[in-house]
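A.B. asks: The lines below spell out each chain.
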Amino acid sequence: MTAAPPTFLAVSWITPLAGAIVGTSVLAPLVALWFLKLRRRKRVIASTLLWTRSLADLRANTPFQRLRFNLLLLLQILAVAAIALAIAQPEAEGLGSAGGRHVLMIDNSASMSAIETVDGAGAALGEPTSRLALAKDAAKARVRELLGGGWFSLGASDVMVVSFGSRAEIKAPFTESIGALEAAIDAIGATDGSTAIGDAVALARAFTDTQNRNDARGERTEAESGDIPTIELYSDGRISDLGALALRDGESIIYHRVGTASDNAAVVAVSAERAPDQPDKVQVFASIANPGPAPRKVSLQLAVNGAVRAITPQPIEVPAAVERDGVFVPGRSQATFRPIEQPSDASIEVAIVEDDSLRADDAALAVVAPSKRLSVLLVGGDGFVMRTLVSGLPIERFETTAIAAFDAAVADGTLRPFDVVVFDGVQAKRLPPGRYLAFGPPPPLEGLSAFGSKSGVYARFAREEHPVFRMAALDELYVSKMTAVQPDRSFQVLAEAAEGPLVLAYDRAEMHAIYVTFDPLDSNWPFQRSFVNFTANAVEYLGNAGDLIATRGLVPGEAIAVRLPAGSRDVELRIPNGKSVALAPDAEGNISWGPVEVAGLYRIEYSAGSSTARQSRLVAVNVANADEARIDPLPELRLGNTSVQGISVSATRRGALWPWVLALGLLIVVLEWWYYQRQVRV
Amino acid sequence: MSSVRAPRRLDDLLDSTLMAKLDAIDVVSRKIFSGKVQGERRSRRRGQSIDFADFRPYVHGDDLRFVDWNIFGRLDRLFLKMFLEEEDLSLIIALDTSASMRGGDPDTFEYARKVAMALAYIGLVNQHRVSLVGFSGGRVERASNLRGRRKAADVASWLLKREPEGASGFEEAMRLVGTTRVGRGVMVVLSDFLFHEGYEKGLGMVAGRGFDVYAMQLLAPQVVDPSREGGVTGDLLLVDSETGAETEVTVTPELLRVYKERLDRLCGGIRHYCTRRDIVHLVVETSTPVETLMLEYLRKRGLLR
Numbered sequence: 001m002t003a004a005p006p007t008f009l010a011v012s013w014i015t016p017l018a019g020a021i022v023g024t025s026v027l028a029p030l031v032a033l034w035f036l037k038l039r040r041r042k043r044v045i046a047s048t049l050l051w052t053r054s055l056a057d058l059r060a061n062t063p064f065q066r067l068r069f070n071l072l073l074l075l076q077i078l079a080v081a082a083i084a085l086a087i088a089q090p091e092a093e094g095l096g097s098a099g100g101r102h103v104l105m106i107d108n109s110a111s112m113s114a115i116e117t118v119d120g121a122g123a124a125l126g127e128p129t130s131r132l133a134l135a136k137d138a139a140k141a142r143v144r145e146l147l148g149g150g151w152f153s154l155g156a157s158d159v160m161v162v163s164f165g166s167r168a169e170i171k172a173p174f175t176e177s178i179g180a181l182e183a184a185i186d187a188i189g190a191t192d193g194s195t196a197i198g199d200a201v202a203l204a205r206a207f208t209d210t211q212n213r214n215d216a217r218g219e220r221t222e223a224e225s226g227d228i229p230t231i232e233l234y235s236d237g238r239i240s241d242l243g244a245l246a247l248r249d250g251e252s253i254i255y256h257r258v259g260t261a262s263d264n265a266a267v268v269a270v271s272a273e274r275a276p277d278q279p280d281k282v283q284v285f286a287s288i289a290n291p292g293p294a295p296r297k298v299s300l301q302l303a304v305n306g307a308v309r310a311i312t313p314q315p316i317e318v319p320a321a322v323e324r325d326g327v328f329v330p331g332r333s334q335a336t337f338r339p340i341e342q343p344s345d346a347s348i349e350v351a352i353v354e355d356d357s358l359r360a361d362d363a364a365l366a367v368v369a370p371s372k373r374l375s376v377l378l379v380g381g382d383g384f385v386m387r388t389l390v391s392g393l394p395i396e397r398f399e400t401t402a403i404a405a406f407d408a409a410v411a412d413g414t415l416r417p418f419d420v421v422v423f424d425g426v427q428a429k430r431l432p433p434g435r436y437l438a439f440g441p442p443p444p445l446e447g448l449s450a451f452g453s454k455s456g457v458y459a460r461f462a463r464e465e466h467p468v469f470r471m472a473a474l475d476e477l478y479v480s481k482m483t484a485v486q487p488d489r490s491f492q493v494l495a496e497a498a499e500g501p502l503v504l505a506y507d508r509a510e511m512h513a514i515y516v517t518f519d520p521l522d523s524n525w526p527f528q529r530s531f532v533n534f535t536a537n538a539v540e541y542l543g544n545a546g547d548l549i550a551t552r553g554l555v556p557g558e559a560i561a562v563r564l565p566a567g568s569r570d571v572e573l574r575i576p577n578g579k580s581v582a583l584a585p586d587a588e589g590n591i592s593w594g595p596v597e598v599a600g601l602y603r604i605e606y607s608a609g610s611s612t613a614r615q616s617r618l619v620a621v622n623v624a625n626a627d628e629a630r631i632d633p634l635p636e637l638r639l640g641n642t643s644v645q646g647i648s649v650s651a652t653r654r655g656a657l658w659p660w661v662l663a664l665g666l667l668i669v670v671l672e673w674w675y676y677q678r679q680v681r682v
Numbered sequence: 001m002s003s004v005r006a007p008r009r010l011d012d013l014l015d016s017t018l019m020a021k022l023d024a025i026d027v028v029s030r031k032i033f034s035g036k037v038q039g040e041r042r043s044r045r046r047g048q049s050i051d052f053a054d055f056r057p058y059v060h061g062d063d064l065r066f067v068d069w070n071i072f073g074r075l076d077r078l079f080l081k082m083f084l085e086e087e088d089l090s091l092i093i094a095l096d097t098s099a100s101m102r103g104g105d106p107d108t109f110e111y112a113r114k115v116a117m118a119l120a121y122i123g124l125v126n127q128h129r130v131s132l133v134g135f136s137g138g139r140v141e142r143a144s145n146l147r148g149r150r151k152a153a154d155v156a157s158w159l160l161k162r163e164p165e166g167a168s169g170f171e172e173a174m175r176l177v178g179t180t181r182v183g184r185g186v187m188v189v190l191s192d193f194l195f196h197e198g199y200e201k202g203l204g205m206v207a208g209r210g211f212d213v214y215a216m217q218l219l220a221p222q223v224v225d226p227s228r229e230g231g232v233t234g235d236l237l238l239v240d241s242e243t244g245a246e247t248e249v250t251v252t253p254e255l256l257r258v259y260k261e262r263l264d265r266l267c268g269g270i271r272h273y274c275t276r277r278d279i280v281h282l283v284v285e286t287s288t289p290v291e292t293l294m295l296e297y298l299r300k301r302g303l304l305r
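Chain order of the listed sequences is A and B. By this note's numbering, the letter at position 380 of the first sequence is numbered 380, and the numbering carries on one by one without gaps. By this note's numbering, the letter at position 136 of the second sequence is numbered 136, and the numbering carries on one by one without gaps.
No lab work stands behind these hints: they were computed from the structure. Worth double-checking, as some hints may not be accurate.
As the list claims (entries may be wrong) - Here are some, though not all, of the chain B residues that point toward chain A, as calculated from beta-carbon distances under 10 Å:
#	residue
1	99
2	103
3	145
4	234
5	239
6	246
7	256
8	257
9	262
10	265
Said to hold, decoys possible - To give a feel for the contact side, a few chain A residues facing chain B, derived at Cβ under 7 Å:
#	residue
11	40
12	41
13	43
14	44
15	57
16	58
17	59
Glycine included, every Cβ here is placed at the ideal spot set by N, Cα and C.
All chains, full assembly: derive it from the sequences and hints.
C.D. replies: The following block contains the structure:
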């Protein structure tokens, strides 16, 4: 691995070699001349007798005359140094151009939307500017620096532009066109996603390898080909997968550190739930994170459909972040609002009132479905226990059917819609998109394979924080016989025994299922209160989960995938910036769009059936990422055993500094002349 | 170099206040010298005065007027009465008028002129025979045998005409002074003693020849300590005012230290040389007021009383 280039100066030098040559070739003779003959004032004194003898004494003791401080010499050295620096053509912060390939990777994650009021050097900005804007300015200046040439400039470079956040994208392939590169940089927009660089590096490597293979076939000139690119990273360094990144042989990385701001607090979670006993009321919970080193107080406001409904009466104290065993843990506080009356669906927004540097994570959205009573279909409900239990739930409609009738209805498409379908010890042949609670035999879900049965098992672990286990502990559960299954990564194990999963959750697009791998009658569960609570929780969870995917919300980087009623038409997606996108649903009414890059409320509007009335569904996209909330830039990046020191990116627009340096040099020459004349006159 | 306002008249050299104070003091010689005419100075030579000194047997050729006839009557032998002869004191003031005397603040030469004027005035007032000798470049200019208060103006006039120029030629000048002196007396040499050719031979010419010699070394404050205001600092090309020789110096604390050591060695060497030859060596910084010098310092050193 090649270490990063030295970063001892935060100024770019277009022609450093020429400046160095001039500097050393003039400074050394200048100092030598001062050794040989200083320019001295002539002065008549009474007698030089004592001086000549003193000098003789002094020289007798010091065979070498050392260079003594002299203002004239100092001014001359400064003048020559300034002229030499001017010849080196400094422009702004950065590194010198040495030709070769460069990949400019520009971070456009959420933290890059932080507002900066001072530049990297600590100078105040004219007006607040986002980190991304600073990074883009710096990157464009770098492009001009690499490709713009200059007096005595070295060879030109090949530059590629990649943006990265939650996903990476090549904005411009390797090119020498300044215009194309600047346009590509300008086209990089802010996202609210997390920061991962792995894809960007892989993308750049793949593109480079491909190009090198093309080079080997002679499609490019020898001078342009075969270079391992230098990665120039424009970021605040808060990259989640940095630890997994390792540079290959010959690769080097330059870290342009962007921004200085660190003041931030974030709403990292929000949830809005209807109480089972009061479905018209919504209870809102929020979690606030403080990544700063000092505790802070924040006030929260709750808005429903854009109208503020409540503000926390007292500011909420959020403790400071701490390091525990080398792990950064942001301070967190929870906030609970009084239940609000909201029978219809709504978007719920919890926002921090106080300003901070990153506004994108100061608000989080949740969408609540309209209050409704569920419809439940029990398949194979021969068992008294399950039928009694489900029918006793507070549901609007309850039906039972045999498995054969269910399969037939699925096959001919005549299955009436139910919010939840419960399989009691039976196995369907095929499941259309929907919400299912299955006990015993494994449902026909992709990624689930059964391999026999186990007996005499105890629950060893349960995700008690999951809604299905609310008031439903499995501590005393004993299962005499269970189906041994092997789920893939699309399943979430909610409870398991030593012999395998006991409860699985499956959420994919419009398919949601809770699968219990044993028949309750093969266990002592029916005799425990947790069985009743679990079943009620599962039905409620499934019944409400699929209505609006946004009730759980998306994070930037994910795609919106919603199933609308079959036959929906004129589907439009209104995105938070006010624009709308027309979408075409498939035959089953599925639409997808994304990945979403900006947090906010996305509204899907459509017309269903013969009705011309517009219906809508809401999707909330939240930053809700404690890692992105930490916005103070990393001074250096750790890549394996290598650390890369960050170069501060100045917020001011880069410009040629050399005329100023040259003017300074000339000013010093004038000053030196004036001082000399003053001395001579005296 | 300081800008010097050249004195134009006697008052510039010796103001009336100091003049009045100087009326009360006199030059002291450590020896009693014989003078050309009877003066106010007691001499070892027996002569014609009212103070009896001794008897001696008459020899042929003695003036019979001094025979003590009373003794002849009692003893029948001729004895001659001998009287202490009161002689005048010869005060020679040798003023260095070489170019090196110009410089410093206060200017060394102007200071020397004032001291010379004050000493000469004391000599004149006390009816001594005052001679002024200016020397530079081996040449000697004189104003000899001045006596009486009325000659003070002549002394001032002579001093005001002197301008420092050329090398000192100290040895040659002292040789001329030593060989052409008239009578015996007190000799005061006013100089900076910064002679490239050395001071030893010059002082040797006037030492041990009956002169009561005072070597008064006048040094400007900037010579004593070049780091003072108006002194030598920085990178300079020093030009010797006498020889025109150029010396490049970069004044550093180290060089200043060595310089001061050199000056101490020079002064110490002169003092040692003078002591061995019964010459009084005085070092006077020209920042010392002339009045203080005359009324206090020189009295303490025995030149004046």
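A.B. asks: So, for every hint listed, does it hold in this structure?
C.D. replies: Comparing the hints with the structure gives:
1. 99: 8 Å, holds
2. 103: 4 Å, holds
3. 145: 32 Å, violated
4. 234: With a closest approach of 7 Å, the residue 234 of chain B hint holds.
5. 239: Holds. Min distance 5 Å.
6. 246: 8 Å, holds
7. 256: With Cβ-Cβ at 8 Å, under 10 Å, it holds.
8. 257: For residue 257 of chain B, the interface hint holds, since the closest Cβ of chain A sits about 9 Å away, which is under 10 Å.
9. 262: Nearest chain A Cβ about 5 Å off; hint holds.
10. 265: 9 Å, holds
11. 40: 4 Å, holds
12. 41: Hint on residue 41 of chain A: holds, closest Cβ of chain B at ~5 Å, below 7 Å.
13. 43: 5 Å, holds
14. 44: It holds, given that the least Cβ distance between residue 44 of chain A and chain B is near 5 Å, below 7 Å.
15. 57: 5 Å, holds
16. 58: 5 Å, holds
17. 59: Cβ of residue 59 of chain A sits 10 Å from chain B, so the hint is violated.
Violated hints for the displayed structure, listed by number in ascending order: 3, 17.
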